[in-house]
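Engineer: Go by the hints and put chain B onto chain A.
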Amino acid sequence: MSAINQSGWRPTAPERGGSAAPTFTGNKALMLEEALIFEIGDTETTGVDFPCAPAKAGAQFVSPPSRGHKLGGLERSSPIGLPGLSEPETVRHYTRLSRQNYAIDLGLFPLGSCTMKHNPRLNEKMARLPGFADVHPLQPVDTVQGALQVINELAVWLIELTGMHGVAMTPKAGAHGELCGILCIKAALEAKGEGHRKVILVPESAHGTNPATAAFAGYSVEDIPATDDGRIDLAALKARLGPDVAAVMITNPNTCGLFERDLKAISDAVHAVGGYVYCDGANFNAIVGRVRPGDLGVDAMHINLHKTFSTPHGGGGPGSGPVVLSEALSPYGPLPFTERHADGHITLVEEETVGDRHPDSFGRMTAFHGQMGMFTRALTYILSHGADGLRQVAEDAVLNANYVLRSLEDVLDAPFGAAGPCMHEAIFSDKGFAEGFSTIDAAKALIDEGFHPMTMYFPLVVHGAMLVEPTETESKAALDQFIGALRSVAERARAGDPSLRTAPHFAPRSRLDETLAARKPKLVWREPEATAVAAE
Amino acid sequence: MRYLPLTQPDREAMLAATGAASIDDLFVDVPESVRLAGPIAGLPSHASELAVERHMTALARKNLSAGDAPFFLGCGAYRHHVPASVDHIIQRGEFLTAYTPYQPEIAQGTLQMLFEFQTQVARLLGTDVANASMYDGSTACWEAIGMARRITKRGKAILSGGLHPHYVSVAKTMAKYTGDALDVALPALTAETDIDALIARIDGDTSCVVVQYPDILGRIADLTPLADACHANKALLVAVVTEPVALGAIRSPGEMDADIVVGEGQSIGVGLQFGGPYVGLMGCKEKYIRQMPGRFCGETVDADGRRGFVLTLSTREQHIRREKATSNICTNSGLCALAFSIHMTLLGEAGLRALAAANHAGAVAAAERLARVPGVRLINDTFFNEFTLDLGKEARPIVRALADRGILAGVSLGRLYPGEDALANGLVVAVTETATAEDVDALATALEEVLA
Chain A
1 MSAINQSGWR PTAPERGGSA APTFTGNKAL MLEEALIFEI GDTETTGVDF PCAPAKAGAQ
61 FVSPPSRGHK LGGLERSSPI GLPGLSEPET VRHYTRLSRQ NYAIDLGLFP LGSCTMKHNP
121 RLNEKMARLP GFADVHPLQP VDTVQGALQV INELAVWLIE LTGMHGVAMT PKAGAHGELC
181 GILCIKAALE AKGEGHRKVI LVPESAHGTN PATAAFAGYS VEDIPATDDG RIDLAALKAR
241 LGPDVAAVMI TNPNTCGLFE RDLKAISDAV HAVGGYVYCD GANFNAIVGR VRPGDLGVDA
301 MHINLHKTFS TPHGGGGPGS GPVVLSEALS PYGPLPFTER HADGHITLVE EETVGDRHPD
361 SFGRMTAFHG QMGMFTRALT YILSHGADGL RQVAEDAVLN ANYVLRSLED VLDAPFGAAG
421 PCMHEAIFSD KGFAEGFSTI DAAKALIDEG FHPMTMYFPL VVHGAMLVEP TETESKAALD
481 QFIGALRSVA ERARAGDPSL RTAPHFAPRS RLDETLAARK PKLVWREPEA TAVAAE
Chain B
1 MRYLPLTQPD REAMLAATGA ASIDDLFVDV PESVRLAGPI AGLPSHASEL AVERHMTALA
61 RKNLSAGDAP FFLGCGAYRH HVPASVDHII QRGEFLTAYT PYQPEIAQGT LQMLFEFQTQ
121 VARLLGTDVA NASMYDGSTA CWEAIGMARR ITKRGKAILS GGLHPHYVSV AKTMAKYTGD
181 ALDVALPALT AETDIDALIA RIDGDTSCVV VQYPDILGRI ADLTPLADAC HANKALLVAV
241 VTEPVALGAI RSPGEMDADI VVGEGQSIGV GLQFGGPYVG LMGCKEKYIR QMPGRFCGET
301 VDADGRRGFV LTLSTREQHI RREKATSNIC TNSGLCALAF SIHMTLLGEA GLRALAAANH
361 AGAVAAAERL ARVPGVRLIN DTFFNEFTLD LGKEARPIVR ALADRGILAG VSLGRLYPGE
421 DALANGLVVA VTETATAEDV DALATALEEV LA
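Residue numbers (the numbering used here), protein chains in the order written: chain A, 1 to 536; chain B, 1 to 452.
The shape of chain B in the complex, shown without the other chains:
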């Protein structure tokens, strides 16, 4: 077996050195009644690299990959071009096959990268600090709600109707067990966001208001009045960014005085990957760092006075605090954080702004084109690279019909909000730099035919 270096003579010599007569002697503590006598019946035996590759490739071919179709899906996962060097670097064994940097003297590569990542994320989100990543945006969002509870010692979180419904679902699941009360709402197919309604719902029991920016329908609203209203009630503003490329074009939530900003970092460097692994971004105001979950990398010096980096503030974490930890999180998303950081370094501020501008320009052009399709209405007054269309009839079957024509048209709100008739006609369309003008034409033409 190609992954096992021991030879049979090795095994015999080593067994003799341990004093065991057979390998079974080493498993003597396993009760005889439950020991398996041989390989589990009914499962295949080992296979060559060629055979495995054949099997996996056949499975991969059953999928319609985004690069093989005009592609317009977003809603929390975005298709951007990732420079080739990103994937090359993350496959270097020193990054790929390293462990969490618990021995900093021989992990400065990972640690310095994390320090750079934290700084990039903090600057992008507009927060004072950021941690070394979370699992993904949805779990980071829930952790922010928990963090707000610990800071404010209040148990009611108000969730905007514009928050990704999966993020809402995760929060609902977790809140069942922590006792947090969640005040939730559905989005409405209107140009206006629910900022004013959120402000009206804040009261003295509110721990935080959670608002997505841009929201699930692609709308953008100034968060400043909401932040002011939160702070007037000693509540926190948690902002959620599922498309961080947008922050190359629009003001950051931190600039609008959000207290905690979380995000899904997938769209920079990581790729679609059918939903995971992704990378959760989490930043906050400096005064709240001791309530943050997850790992932090910090700067220090070594015994010879040279700059170096270590994991720090670990007295918040489970391996030290056990049942009193801020979260049970252990593993984060290190390699995806590296991919994010490399892509961000390649882009730089000039590149990020250019990428964002290209996305927005493409989306504006696509929205205009699609709004001219008979029966289609553009919901948004504001958007970055994603907007919502009212198709005038149920969107789910139309998405399927367009998929049959080889076009991946977007995400129907019926998929995200099953059973909500008021939203069933909504189609969320994302237009990134990967969509060409021809792709947009193909979508518009096909949509005309299917709706006719």
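Next up, chain A with everything else stripped away, as it sits in the complex:
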């Protein structure tokens, strides 16, 4: 017998007119508020069963039978203050938190320069095979030949796809890769007795990591001027080149979404005066399979596996930033790396085996061998696409961006729209918005439309920049809906719709007070009583 609706009550059309009363919980149906673990957990509760420990609150913690501690009298006696939750409560806590996040799995994520593409779940499955996930980095190399083969196969793909000579696999993320490339350049210059070169030229449109990296390595940073069509001014660059210039750092395609047509000429000019060319490969997705950076004279380029090769961003990492290197820079790459021998056996070249064969390596950048879990995912993705599929990736990514650009340039200022097609991302500005309205208002209104905003106010060379990167994994229907939403938002901004100023209206939170957060930093949770005492 069904227990459903035995009363005979039938739903009727709801009455209109009344507005909702605030709920007791603060929840709004599926929009659920969630307290902090420090407010709902306690230090006696654990969601893990141990043979020797109580599984639930109340009982005192009992030490296992001891054969005599070897802790040197340093036993931790004071409370740590780490709350625990039972497993069901834990799963619910994090599931409820997860629902306050936007994600690619929910919709288009047009964050320019970030390449938010679909993350195939096969990648996740492969990375979790015990032969990859449950292997220690210091196991004897004979017991990890398959893992080393993954690194080696991925390395070969990256070299072939970029037309470069070698690759350093260990950098942990894009910025770490930049550092790797710049350290290779510095080591090469010092080997040539040219350590006196102290200047790295960086375009104003560069990612902030570029000047930060150059400065870390001890270089002074100078701007490369840009032309009105958003590209490097070749003549001005050539005029600046000289014996003090160590390198140029160029993003290609650049952060305005444009291909640097003159990159080969730039490389030739830089090489002619003894410098090197670093390419920020954050935007490689636009050109993979269509052009190889090695053919453009690039000496070093990092590849964000979490962008072009679909390893998940995970809410801010982990990334992975292998660096492809020219023949001139390859000898200086970091330890460790793999070497494949004729019989198929792979050795790991680290401090113990570096010997006389790789004396120029600048050293180690990280413990162990790099982001293996990301290598497994990236190789899985690359094998899935193959050479033909990766070329199609670039073509669809560029087509999608141009489709967005041309569909919106009548309502949004497109500063470089007249100069020709864009690459993987379309740049707009807030020019034409009503007085007092800016990029942030359009971005926050997009949230109400169910989209993640575009990149705001970057690159710095375009005032009120809006950088839209749809990626190749969006369907035409998804793009059309996004275009419709952004068109509507742009029209409201041009008309000065005041409701934009307070958007988003339908998100889990309205605009957050970032000034307060920075002025009185609260970076850890403290017991309310302690806060009250401190305030007195």
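It is worth saying that the hints were derived from the structure and are not from the lab. Bear in mind that the values here come from a model prediction, so they are computed numbers and not experimental data. For glycine and all other residues, C-beta sits at the position ideal for the given N, C-alpha and C. Among the hints, erroneous ones may be present.
Said to hold, decoys possible - Not everything, but these chain B residues come out facing chain A in the computed CB check (under 10 angstroms):
| id | residue |
| --- | --- |
| 1 | Y3 |
| 2 | T7 |
| 3 | G19 |
| 4 | V28 |
| 5 | R79 |
| 6 | G109 |
| 7 | E116 |
| 8 | D183 |
| 9 | A188 |
| 10 | T190 |
| 11 | C297 |
| 12 | T312 |
| 13 | F387 |
| 14 | D390 |
| 15 | L416 |
To be verified - Keeping only pairs whose Cα atoms sit at most 20 angstroms apart, straight-line, the calculated EDC-like set for lysine to aspartate or glutamate is:
| id | chain 1 | residue 1 | chain 2 | residue 2 |
| --- | --- | --- | --- | --- |
| 16 | A | K70 | B | E433 |
| 17 | B | K153 | B | E286 |
| 18 | B | K172 | A | E351 |
| 19 | B | K324 | A | E351 |
Structural biologist: Leaving out everything else, chain B in the frame of chain A:
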């Protein structure tokens, strides 16, 4: 191709909308001389999910995974049991496929998690604050040295011989370019740590002393006298924890007045993964937060007065400060931080203490058993779940011989310190809750046979 939703008619309609005659027209800015005419020759074409799975599975099978052997490796990466719900939660698309929470109104899930993570890490390390994670322990260690330089305006760091040699290598690499002077030493196969020697090396140029706790040989020493000596010379104490489970059993470095505490968070929630991705932990005293690298999540309120969280203090970071930033770090290790935080929430303090106690008890029992193997000497008087054996002969070939017998016995010091004869006989053995008594027996028995 299964990851590309555009159909051929879509592509044609969209091309027409852009006014381009062909896809090549969209790549018109690429000079003709370097354009590739078709897929790069010599590389395979696309493959089905089944075919890729077959290939990857074949590669995975070539590895001896830790779960298939008695397993005793540590030295900066530890095998602990990770509850199934951790991996389930981190695979939720809302966490897995989100970006850095730059739009806080639709990223409160990640942000609240980071705020909780920062608090958990600070409490575990015993520091006032912690950041939202670094790449790993080794890079966090170097960042702490840089931070100490900025705070003290001095350029000489003293590194304990007990610091993981990879961490030392990373610092050496970076110091070549920043001009920091590093005073380094090798460990000695003794029960005593080098705390007294470190104290003697501190002088008026010292920015910081970097000490690992427990150290690379597994030894534990009270850091309080070292902290006092640092502070008497206006230097900072940087403590490095590569096995955070230990802090469920022993006092935190922060409690012993360390100024900056960094760690490798891998052993809680993350798994071995052949070395990465891992998660760097970094905490410090509150007065130093503006010199910290990396991201911070902070509490604030929204326009309606509700509690919420944002990334904050970003004026230290590269995207604002560019060449004047405290570090060039951008991406951190968010998803691994989530795994750490979930596992820590499941454990809670009671669970962490129980886990630590189980590790220590197992390690004590294993050390006693292994020390009874003829020719083997236990170096440590103190340890948590990892200790060093002197095998009386070179350990590297013995590790290989034991691997041939299907036993992953530990890390030979010859692998970590190539060419250092005084250390060549050392074997570092880690015993976590994943090692059974039978595993320990198997190791002891095999060791007896191989050494005989």
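Engineer: Next step is simple, just say for each hint if it's right about the structure.
Structural biologist: These are the hints, each one checked on the structure:
Checking Y3(B) against chain A by beta carbon gives a least distance of about 6 angstroms; that is within 10 angstroms, so the hint holds. With 10 angstroms as the threshold, the beta carbon of T7(B) comes within range of chain A, its nearest partner Cβ sitting at about 8 angstroms, so the hint holds. Look at G19(B): its Cβ gets to within about 7 angstroms of chain A, closer than 10 angstroms, so that hint holds up. Interface hint status for V28(B): upheld, as the beta-carbon distance to the closest one in chain A is roughly 6 angstroms, under 10 angstroms.
The criterion of a C-beta within 10 angstroms of any C-beta in chain A is met by R79(B), whose closest approach is roughly 7 angstroms, and the hint holds. Of the supplied interface hints, the one on G109(B) holds, with its beta-carbon coming within about 4 angstroms of a beta-carbon of chain A, less than 10 angstroms. The interface hint given for E116(B) holds, since its Cβ lies 5 angstroms from the closest Cβ of chain A, which is under the 10 angstroms cut-off. The restraint placing D183(B) at the interface with chain A is violated, with a minimum CB-CB distance near 18 angstroms, outside the 10 angstroms limit.
With a least beta-carbon distance of about 17 angstroms to chain A, the hint placing A188(B) at the interface is violated under the 10 angstroms criterion. The beta carbon of T190(B) comes no nearer than 14 angstroms to any beta carbon in chain A, farther than 10 angstroms, and the hint placing it at the interface is violated. Interface hint status for C297(B): upheld, as the beta-carbon distance to the closest one in chain A is roughly 7 angstroms, under 10 angstroms. Because the smallest distance between the Cβ of T312(B) and any Cβ of chain A comes to about 4 angstroms, under 10 angstroms, the interface hint for this residue holds.
A least Cβ separation of about 8 angstroms between F387(B) and chain A falls short of the 10 angstroms threshold, and the interface hint therefore holds. Interface hint at D390(B): violated, since its Cβ lies 17 angstroms from the closest Cβ of chain A, which is beyond the 10 angstroms cut-off. For the restraint placing L416(B) at the interface with chain A, the shortest Cβ-Cβ distance is roughly 8 angstroms, inside the 10 angstroms limit, so the hint holds. Taking the CA atoms of K70(A) and E433(B), the gap is about 17 angstroms. The hint holds against a cut of 20 angstroms.
With a CA separation close to 18 angstroms, the supplied pair K153(B) and E286(B) stays within the 20 angstroms bound. Our distance criterion of 20 angstroms between C-alpha atoms is met by K172(B) and E351(A), whose separation comes to about 13 angstroms. Of the pairs offered as hints, the one joining K324(B) and E351(A) is violated, with about 33 angstroms between alpha carbons and a cut-off of 20 angstroms exceeded.
Of the hints listed earlier, those the structure fails to meet are numbers 8, 9, 10, 14 and 19, in rising order.
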